Amino acid sequence: MLEQRIHLALGAQSNQEAVLHQLHATLKKNRLDDRIQVYCHTLNDLQKPACGIYPERIFYENINENLMRLLVEVQLLNKTPLEQFQQLKLDQSLIERFDQWDKDRFFYKQTRIVLKNAGKINPEDIQEAIAMDAYQALSKALTSMTPQDVLDEITLSGLRGRGGGGFPTGRKWQVAHDQVNDVKYVICNADEGDPGAFMDRSLLEGDPHAILEAMMIAGYAIGSKHGFIYVRAEYPVAVKRLEIAIRQAENMGLLGNNILNLGFDFSIEIRLGAGAFVCGEETALIASIEGQRGTPNPKPPYPSVQGLWGKPTIINNVETLANIPQILLKGQKWFRTMGTASSPGTKVFALGGKIKQTGLIEVEMGLSLREVIYDIGQGCEHNKKFKAMQTGGPSGGCITAEDLDTALGFDELIQLGSMMGSGGMIVLDEDNCMVDVARFYLDFIVEESCGKCTPCRIGTKRLLEMLNKVTQGEGTLELLEEMEELAQYIKTSSLCGLGQTAPNPFLSTYHHFKDEYIRHVVDKKCDAKVCKALLEYTIQADLCKKCGLCARACPTYAISGMVGRDPFTIDPNLCIRCGACVLTCKFDAIKRQ
Amino acid sequence: MKTIKMNINHQEVQVQAGLTILEACRSLGITIPTLCHLTECKPKGACRICVVEEAGKRNLIPSCVSEVTDGMKILTHSKRSLASRRMSLELILSNHRKDCLSCTRNLNCELQTLAQTLHVREDRFLGEKTEGRYDDLSNGLVRDTSKCILCGRCVDACLNIQGLGVLTLMNRGFETRMGPVLDLSFKDVNCIECGQCVLHCPVGALSEKEEIHDVINALEDPKKFVIVQTAPAVRASLAEEFGAPMGTRITGKMVSALKQIGFDRVYDTNVAADLTILEEGHELLNRLENKGVLPLITSCSPGWINYLEKEYASLIPHVSSCKSPHMMFGAILKSHYAKVKGLDPKDIVVVSIMPCTAKKGEKERMTSEYKDVDHVLTTRECGRLIKLYGLDLLAMQNSDFDQDMFGISSGAGVIFGVSGGVMEAALRTVVEILTNMPLDRLEFKELRLIKDVKEAEINVNGTIVKVAAVSTMKAAQAILKQIQEGTSPYTFIEIMACPGGCINGGGQSIYPRNHDLKTEDVIKLRAKALYAEDQDNTLRTSHMNPDVLNLYRDFLGEPGSDVAHHLLHTHYSAKEALKLEFD
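Chains as they are written, first to last, in this note's numbering: chain A, 1 to 593; chain B, 1001 to 1583.
Treat the hints as calculated values from the structure; they're not laboratory data.
Hints are supplied without guarantee of correctness; some may be wrong.
A few chain B residues that face chain A, going by a derived Cβ cut-off under 8 Å, partial list only [as the list claims (entries may be wrong)]:
#: 1; residue: Gly1045
#: 2; residue: Arg1048
#: 3; residue: Asn1059
#: 4; residue: Glu1128
#: 5; residue: His1571
#: 6; residue: Ser1573
#: 7; residue: Ala1574
#: 8; residue: Leu1578
Pairs of lysine-lysine, DSS-like flavour, derived with a Cα cap of 30 Å [said to hold, decoys possible]:
#: 9; chain 1: A; residue 1: Lys491; chain 2: B; residue 2: Lys1575
#: 10; chain 1: B; residue 1: Lys1042; chain 2: A; residue 2: Lys299
#: 11; chain 1: A; residue 1: Lys524; chain 2: A; residue 2: Lys491
#: 12; chain 1: A; residue 1: Lys311; chain 2: B; residue 2: Lys1002
#: 13; chain 1: A; residue 1: Lys311; chain 2: B; residue 2: Lys1057
#: 14; chain 1: A; residue 1: Lys299; chain 2: B; residue 2: Lys1518
#: 15; chain 1: B; residue 1: Lys1187; chain 2: B; residue 2: Lys1575
#: 16; chain 1: A; residue 1: Lys514; chain 2: A; residue 2: Lys524
#: 17; chain 1: B; residue 1: Lys1575; chain 2: A; residue 2: Lys299
#: 18; chain 1: A; residue 1: Lys532; chain 2: B; residue 2: Lys1129
#: 19; chain 1: B; residue 1: Lys1187; chain 2: A; residue 2: Lys299
Everything numeric in this text was worked out from a predicted model, so none of it was measured.
Backbone N, C-alpha and C define an ideal beta-carbon position, used for all residues, glycine too.
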């Protein structure tokens, strides 16, 4: 009989498989394997290996092989909490109960609606999903609601697309519903591609049935019998779990023909994306499913009128869909109690960057950015000064300290010159150079541009080359003006949404941190000490102890001096600004500026 | 016709509903430039040259894909739209190899024209350029992606006009490149070298493989006896190279120019077209009599033959074994003609001026000791050659083709150049022979329509015989499938690779394809020139051509004889459509 369950969540480090093997081996050795179920997440909300024990709700962070063995033998076998096992001398801060987290850390300002099941149920077992109300909303819709009722409920809920644009979901569905056509399609856009974003992945891996159910509800509402999930091939676990979920739902009569014996047919197929960021754009996504080169097409016609194979098609993001069953089940009024008037509900964010507590968070809209950063994220690492927050991924922009009291919401972020995007939140501190940040995102855009239209294909490349000039110290004030003109051109002349937002990382940083740009081009200085070409390493003669360690560490023999006699000096022409000397010097004699 | 009211450049105007802004503006005489737009294909909105400003919109809108709506306010040449247009162009130029002076498209380049129109006066953006690929390994076509502006028109032409899909875009973003799959050479893929991509390329990224210098060398060699023959379609397009309106008939002046250049003889390929009709007609009659493989398919279009060998090899028995006319002519010139004239065949250089890029590959097909044809020049190359020799084509006097031995050709021969023409010419001869009566009509209007598939029915001694003339490989696919399935209703089928036949061939004069001039208009205008030449000819059936009859009497014997087979017929074999070599 099952008594306990261990949720092991792996992060991004290398010893992880070993931890899992150790867990299985120890359980088997102690004959606990039939009483304790192990369920492994591929990644966790905290991005560090962790494990949770249910039903006790005990939480251990930073698990390693040894700790895992002890955990089983002490905690599970002897029912002794590990922290009381004195010989272990554990860092007590690493061991906490969920309750504490709920009370004053990480979770306490979160509202988990979309992520309610992720990490708690076994996603490979439909029974567990059903126990958590899966398919209840579908059955409600099929038995007691007309398609128009469903559409009205979604429209009234004010749900907006979570994939980036924030388009009202109800309106999109209504348009598709109003098209007269025998064949319509429902597409789930799971081509999550923003750097550092893994909201959709967690949902697909943690609660796939919610997505299937929502797609069926959407199908019922607009009159479609076919659904596609377009998921990137880099998410093999998500794909596997979706396949399992589809099979299990089909076996139970929850998917396929005559669903729930109520005469409704719906089938779902999975399509794998080949790794192009642009395929998250709906017209490119459609082209990709059709087997064409994944490049966007001009809109109109919009997909809800003329989409996949020319048929009316709705495309919704994973997170948007995950909201649907709950709205139907609990009512649009309940949904509207959360969030703001223009952005009801919650939003999942991937909180990352220079912040103490990184991870996946779900918060009500309307929460201030300050609360997200300081209450949930615990502020910047190493008590560095907060500089800006980048939201919306490569299409978004920066929000500065002045605007931290802004409430989270689609329109609010756009007013700040950024955007909600799919939910990436990267915190930047004083060590980040904003020119370099813009360069990073633009580099991504150049790499991921599909190449169809001129502004995005060549314009972004030229903009990146200009940004590189600025970081190399070759910039001028005229160049900055030219960059702004080029960026505005890309914004207003590109074909698709990605191109039109491509210059945002530059425009936003340029707007908020113009001084920093000017410092780069006029004074040729990077105050964050990121742009290598602008750095200068000097040895302060009065602090130099003439030991020569730095000279030995220097890979290019740029440092010369006489041990014990002359202070050492750095030849700036030979110096490659690697910083090895700074790390070696025990007397902080080497200055970087 | 429903019209709507809108405001263009502060003027209230009425335009036809359902048009795009681009089309509406053109109907009013306002030119909005574009690079990626093709009148015949679905607009893509890729180049962003055609952007215009719409009142109340933050972003500029591409006029090629945006439909006009009632009350719409558009500024086509506002400061913003002009600035954006120029910026797009400057960016394209920044990634283009600007060696205009040595480019085949110099002075006939849409990018060059646009740079002039948009007043580009500096190299504004300097930076890295996309790594280019140069492929001149095939016989007919050259691809140089360093000049490609990624408008995608060749991709459209290849896929949507020819139904082939040889050309595609590969890689993404700044690394995007146009070319066949895996960046292979044209020679290693299912390319048929029809050259439609060349016609649709706005710049010099795709061009024919030039042979002008080989021809000049031959002309300069005193030992060589250089004979030039001109295909029927060339006379309907060559004048365009000199600025004459489309469809100008330039036969006599062309002959004068070629004589001026110094060719030892200037002959008309039409003579060989007549010869082809006799051989092919004989083949058809033979198959009809002996219940041979039917339908018989023509073989004059080398693009089609390439397609046959690469994609439909199972249908080889259906295809006439006749060489194409210029190859037949070459074979006769290097055998019978050489003997009569006392020339050593190896000293004879046969140059064909063809509306075709695939002919450049066809000439490499060896069936005997000597190459039937040594060099093939396209209509465009012929224009360049004439200019090189300082001749103003339009100002030349008219001359006749050389008259010795092969001076007479029929009107049936000249219409070979237009889709349906070979069929029409064949019917004029075959039906007369079969029925033993003169035809009641010489012109088959149903074969002169501007359509991809044209049909005609002829009563032969009480039996209705159905024939078809097909142009483009896209249209041919359905017809060929019928044959494979055994449901083809036809007895005889003419297949031409290029839309409208040779008059719109890949070697013809290039005009900007993004303008209002539709392909069907081009076909109509050029075809008119050929039909007029047919009508002006007193001799209109091939089997009455005295020069051809003499040739049979003196040398070949009868159609289908052993000598004829040896010299005038060829064979085909299956070829790989995709050649992959792995290291």
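- Message: Hint by hint, where does the structure go against what was stated? Just the numbers, ascending.
- Response: Violated hints (numbers, rising): 5, 6, 7, 8, 9, 17 and 19; every other hint is consistent with the structure.
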